[in-house]
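As they're listed, the protein sequences go chains A and B.
The opening residue of the first sequence carries number 32 in my numbering; numbering runs sequentially from there.
The opening residue of the second sequence carries number 118 in my numbering; numbering runs sequentially from there.
Possibly wrong hints are sitting among the right ones.
As the list claims (entries may be wrong) - Away from chain B, derived, C-beta distances all over 12 Å, residues of chain A: (1) Asn33; (2) Thr35; (3) Lys41; (4) Thr42; (5) Ser43; (6) Thr44; (7) Met82; (8) Gly84; (9) Asn99; (10) Ala100; (11) Asp101; (12) Ser141; (13) Thr145; (14) Pro147.
To be verified - Taking lysine to aspartate or glutamate pairs in the DMTMM-like style, the calculated list, with each CA pair at most 20 Å apart, reads: (15) B:Lys318 / A:Asp122; (16) B:Lys398 / A:Asp48; (17) B:Lys739 / A:Asp155; (18) B:Lys696 / B:Glu802; (19) B:Lys359 / A:Asp48.
To be verified - Pairwise CB distance ranges (calculated): (20) A:Asn146 / B:Lys670: 45 to 53 Å; (21) A:Glu148 / B:Glu369: 54 to 62 Å; (22) A:Asp153 / B:Gly408: 53 to 61 Å; (23) B:Asn204 / A:Asp153: 35 to 43 Å; (24) B:Gly732 / A:Asp153: 23 to 31 Å.
Worth flagging that the hints you see were computed from the coordinates, not collected in a lab.
No experiment lies behind these values; they were computed from the predicted model shown.
All residues carry an ideal CB built from backbone N, CA and C; glycine is no exception.
Residue strings, one per chain:
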Amino acid sequence: MNITLTVNGKTSTIDVDPGTPLLWILREHMGLTGTKYGCGIGECGACTIHMNGEPVKSCDRAVGKSLNADIVTIEGLGANGLHPVQQAFIDDNTSQCGWCIPGQIMAAASLLATNPEPTDRDIDLAMKDQLCRCGAYTRIRSAIHRAAKA
Amino acid sequence: MSQAMEMKRRTFIQSVATVGGALVVGFHLPSRYAEAASDLPELNAWVHVAPDNTVTLRASQSEMGQGPTNGNLMMFAEEMECAWPVNFEFGSGRPEYINPLAGLQITGGSTATPGFWDVMRKAGAQTRHMLINAAAKKWGVSADECSARNSVVTHADSDQSATFGELAEAAAKETPPEEPTLKTPEEFRLIGTATQRLDSKMKVTGEAIYGMDVSVPGMVVAAIRHAPFGAKIASYDEAAAKAVPGVHDVLEIGQAVYPENNVPCLIVTADTYWQAEQGLKAANPTFDGNGWAGLNSDQIHQAFVEGAEEKGALGRVDGDFDAAIASADKVVEATYEVPYLSHSPLEPMNCLADYRGDSLEIWASTQDPGGGYIMAEKLTGLSQDKIKIHVTFLGGGFGRRVEVDYLEQAVEASMKLKKPVKLIWSREEDMQNNFHRPAYLARMTAGIDADGKPVAWRHRNVGPGIWLSPYRSSRLKDLFADSDFLKGQRESGVDFHAVQGGKDIGYDFANLQVSWVQKDFPVPIVFLRGVGNTMNCFFIEGFIDEIAEAVGKDPYQLRRELLHKEPRMQAVVDMAAEKAGWGKELPKGHYQGMAFHNSFDTPFADVIEISVRGGRRIKVHKVVRVLDCGIVVNPDQVDAQCQSGLVWGLTMAMYSEHTVRNAKLVESNFDNYRLLRISQMPEYEVHTVKNTNSPTGIGEPVFHTVTPALVNALYAATGKRIRSVPLKNHGFSLA
Ligand code: FES
Ligand code: FES
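Bound-form chain B, shown alone (with noise of 0.2 Å):
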């Protein structure tokens, strides 16, 4: 996602200090609704330990496969010195597993790891802290003369020891110290190490329950049809939909809590899903448009064709473009563009409320239970106590999850019936109903002076804004709207994820501008694994190499020179090149195509290495990705992370496209929205540079390199230069 409040810390910190402080309050819940299903005792929100000394900890962050799981319960086992593996559950709707990057328990923006690292460890030590001091009571002696290792309190003095079992019920009465010291990195044990996922077994055998899993007694299943972009729903056949077998009822929901982002809906409940799709099949609804039935993809892009001649808000101004241009030696212009894309999770959106007048429970693969409480209070009117939301695992995320209008359609049906409902999307509203990474073009420019140095650059973004549309996109516009980081927003009049990581370029230009032209459309849009960086850094990296080839300069002299400022960039740049070989003898036919990008603060670079058969179908031979993120927490996941960033990238590069036909998305299923196959996988390595940093995030930063990378590959190739993707429209396909 989200990085609702991501990028600079310090509108991270600014955005924690208005919006976080205030929502801390409101989400302490009762200990009816404690996480902990048996009286073990609980040592702190984080951590219950068995008599028998098994260690339960629990997990803030969702776990959509990124691993959070792992990374942040390694961070707090190795403070705690509990033994590992442990145990694990999904905790929510306490304030101690508000995100402190983002100010709600919310999975996103990359903030798993750096969010949680001082959170975790320091929650770690104070509960070793507490387990000592109940061990020294017990044995009259002085804390500080005992330690904690694999789940065993020693002091070595006296020759006894205690397991965490034998001391938690005292423990969980001391106080432990605010600050506790942390370990040093030599000292970690366990950081550092490439652990087994402690969710792999279970979801080997399919006993991981994700939202669509859950069953409840007495509970229906309901199907669900969206109307399109403004339309109402026009006409349906209640009575043929009743008569399928196992129907129970149609009903027309909506959404109220955030008015513009209600869609008008239809759903069918029965016993069963496959009765209920039935049942909607029969209702056979129809709808009726508002001014949008016409819209297609050919308008929106003629709307930023003609945006591109605009001026924009200026995003960031250094020197004076203008002025350089206009004394420049050589100008360089190109125009790049990107559609509409669809996270397409493969578990479709679906979640399980049951609302019982007095209370609310709901079961959800869910990347947002804090902004799923909020919604939840909102919509019924029940205080936060009432409600307790189980986030199970979750069938992918990458963004999608984030927004809770699958959880407001199955509260909102579930109220009005009185019943328990489970709702599940069918992969065709899934797709055609997400909210998308916004289609973009770019306007691209650039003034090189006599001595063949780009002095002058200007990124003229083109498209809708997540944050400032006035149509359907992230309710989290509504959540921050009176947050200094919306404030700026509105003032400056450039939405923070149409300029990410263009605004904040890391190469050195003495003359920039980066402005972008809002031009909105009510397809829905939202958050995608590093939403703006997604489009930027393709518009931005395509165009250095055509920079580099007008000035006549090697595209990775030219990114280093550029990044002279930026050590800890340039380090990676220069760790690609090398590790790559770059410039070095490649086997006949082959050519290297290289990309950079910072985002989330992690720099990250990639060099790929492809021949092109045919002129048209691509082999990709090896993929080479540096990054710096600082402390390594788990190196196994790390590379898990690399390998799925470029899988994304490819099939991003290669395939991926949502057009938009009478104010509908087209494309529904995979067989029209193809995802890259197993054989087309292509041989990656990892590098990471070694610091004792603390560690950034990278669930984003592997995936934007990589279609940069590709096409500049492709041109060294082909001689032909790609401003758009996906590459599948210009006539190639992947081998």
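In isolation and in its complexed conformation, chain A is listed as follows (with noise of 0.2 Å):
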């Protein structure tokens, strides 16, 4: 099935099944390896985009699903340099193994464009579903105010 797909402000056109995770698509169709696989499930939030401007789940959701959809990733997000999310996750040392950092950076860009200036309960929330392995939260939290306040 030919899908139509616009990923960090290009369109293209790609002949796919549309049963494909948009994981996937984004990985070995497009080579935006950026985007990472964890769980396929939902569950850790390695996988995260912004479609439409909301943050998605991209193991959970098929490409059929997607059609039309503006998708940005973690390579498409800082269209201009970095964006403050990634500037603070740098000035923070947040990354460790970083196989995570950026679906949480595409989490906490979504979340200061609806919320500019988070509690922490509000990180809380808008972060629950980003497991770390490594266990970086401490640092997550405070790059995420570092980045408010950018």
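With the hints as a guide, bring the two chains together.
This is the structure we're talking about:
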């Protein structure tokens, strides 16, 4: 099936099984490997992207249900240089292994887009499905506060 | 990990002498696979410098988040006197990269810092000498009169200077001194500073390349299904798999290199991973068991309970435990238990292998390229100079990626299919076919004399042995089969990691016995972040609080008294009590618990402050973490690891458990193998003892003390003594 998607501002049409999760379309058809696979069942948040401005777990979303969607991945987040959340994650040395980090950043960027000065509780709620096996939570939180102030 | 050879330096040295020496020879690779892709002058295995003065350093130790890239390269740059930050690459396959504390190029056992402390500084100093010699020759002056700083060599008297980049080509021909003089700690400029992670930017932009992110032309992607323990493949529908669009091949593979680690697997290859998974589903493999089919957790538990009545093999005997117990005024006894755990790094196992008949390339998130070369040589028959392993970033490791099973599978598939194969395990395959931290049970017994002094201690552990199990466990047991390290274990009947952290306990008991009752099961087992310490610290530290209660002593006071022969350890316990305000008044409803452990030469103490709502809901208010890791190379990294270990400890205490049903691990994904969430992350503070001792490792010690400290706090808060984890099984939840 031919499917048209706009990813990071570029529109293209691909011929794929519409049941394929968006995650694998991004990683394998578009070479956008910044979006990570961690669980495949919507439990870890490693695959979080923006779809029409909303945070979405791309492992859980069939590409056939994403027709004409406007998608932003970690590669396209800082269209003109680094997004403030990316910069804050650098400044706070937040990353450990880094596998969860693109998903964390996408989720955090969406939070700040709607809530520019989140409280700890707001962060807990918005980030509750973003697992970090390395346990970088304190610095994820501090980086989000830092980005809010930027 | 692994600490294949961890722990007491003596053990290391023995092992390295017998094992490491022999391996060094086999590791040399010809220039065909030199790391430098360009013809930039390479000064040695660790560094090349571009004419524009860009310095690129190579790391031996795998970057799985724990930060050896910064740590080790800071040591090198400190002595080389190059500007910081530097560029970096991951090196593999040269003798220089062998971890001196393990005898292989392997990352584990909390050895990245202590193992490379001398290596990196010395190589950095030699590099500086090469650059200075080149400059001195160029200017016709004495090398002694030249100095280097910030990637520039200067001869002050003649007011001449040259960049490292200008000197590199000439410097490459210089022979450095064998034993250069190294800086004293007071002279450090870079070591001891909190540097920005060198990999931060690429990790936040998605540019960092992990094993799963690599592609090569002409490759196929493979999905895999493993047989349950001891089972074989019974049937599968090849035609159905091949009817799925994009599917190429359906293939049975096993693992031939280390026979008892052979697990029959079915793999399906396709153009993309998703197609391969669909093909695998269509193939619908079924499996035949061979006697283990009914294996379940109750049976394992029952075997442990019975084992606790056996004497076991003696790992350490001081004084006369039986006599001391017979004459004791009071005897305290308790049984503790822990379940199987998986590492579950967030990046599932994967590997890309490209076998071309006369050569082999592998790209992998691995902690053990050294073991990978050996495996690949045995499997392919190619000599190691025809093999290249590219180590990528690792999306977590925690000891799991010390094993090379997933590399072997990819190589086998590539050999059979004669094309590059990228193998990706689903999360379910990853959790259910992990090599686990073994389940364990401990019978702890103490005798107290008439003066209220604990004079007898017996720690009897019951469970599987990673080194001695006849079943699937680390293939390092094959690799090191002839080492004194493993021979000693076979002779004594005591598995090194079964009693790790128990045999070498810091507490002083006049009469002490540490023993191990071997009960093996076919659940695959391996090293997990601290290995034996992960359970033994819980057993010991929970029980110490029970003894404190029995003798009517404050648990902190009892610990410091029992550590009277170990001033370094005692200082850590004292500092933890002081920083946490132990014994001082706490907010209403708040309670503290303490735990101490010494592992990998790093004494560590935690004080955890909690409250409990409704007798069930735990809130962790604050955690005070104190350690002595000698010279702190990068304080930012110590803090990050303490943060990580705290999350691991709380996760293990509250949730982590793999149960066995019908010879399969039940928990299969993060919905039933829960991890801590950001909302549950407590406040913590880290304090290090200041000194100028050589650095010791921290990646594992940061983890162990959390669970017992929490359980001890829980007793203070609720009067409930918890002797098994996870706490969810006792009806507790974490706010
Ligand atoms: S991979 Fe999508 S939520 Fe885990
Ligand atoms: S940094 Fe490793 S999973 Fe978050």
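Hints and how they fare:
1. Asn33: holds (15 Å)
2. Thr35: holds (19 Å)
3. Lys41: Consistent with the label, Lys41 (chain A) stays out of reach of chain B, its closest Cβ about 16 Å off (over 12 Å).
4. Thr42: At about 20 Å from chain B, Thr42 (chain A) clears the 12 Å cut-off, so the statement holds.
5. Ser43: Consistent with the label, Ser43 (chain A) stays out of reach of chain B, its closest Cβ about 16 Å off (over 12 Å).
6. Thr44: At roughly 17 Å from the nearest Cβ of chain B, Thr44 (chain A) sits farther out than 12 Å, so the non-interface label holds.
7. Met82: About 17 Å separates Met82 (chain A) from the closest Cβ of chain B, which puts it past 12 Å; holds.
8. Gly84: holds (19 Å)
9. Asn99: The assertion about Asn99 (chain A) holds, with a minimum of 21 Å to chain B.
10. Ala100: holds (18 Å)
11. Asp101: Check passes; 18 Å lies beyond 12 Å.
12. Ser141: Its Cβ never comes within 12 Å of chain B, the nearest being 15 Å, so this holds.
13. Thr145: Check passes; 18 Å lies beyond 12 Å.
14. Pro147: The claim holds: Pro147 (chain A) sits with its nearest Cβ about 19 Å from chain B, beyond 12 Å.
15. B:Lys318 / A:Asp122: The given pair, whose Cα atoms are some 10 Å apart, holds under the 20 Å limit.
16. B:Lys398 / A:Asp48: holds (16 Å)
17. B:Lys739 / A:Asp155: Given pair Lys739 (chain B), Asp155 (chain A) holds - Cα atoms ~18 Å apart, limit 20 Å.
18. B:Lys696 / B:Glu802: holds (9 Å)
19. B:Lys359 / A:Asp48: It holds: about 16 Å lies between the C-alpha atoms, which stays within 20 Å.
20. A:Asn146 / B:Lys670: 45 to 53 Å: With a Cβ separation near 51 Å, Asn146 (chain A) and Lys670 (chain B) satisfy 45 to 53 Å, so the hint holds.
21. A:Glu148 / B:Glu369: 54 to 62 Å: holds (58 Å)
22. A:Asp153 / B:Gly408: 53 to 61 Å: holds (55 Å)
23. B:Asn204 / A:Asp153: 35 to 43 Å: Between Asn204 (chain B) and Asp153 (chain A), where Cβ atoms are some 39 Å apart, the hint holds.
24. B:Gly732 / A:Asp153: 23 to 31 Å: holds (30 Å)
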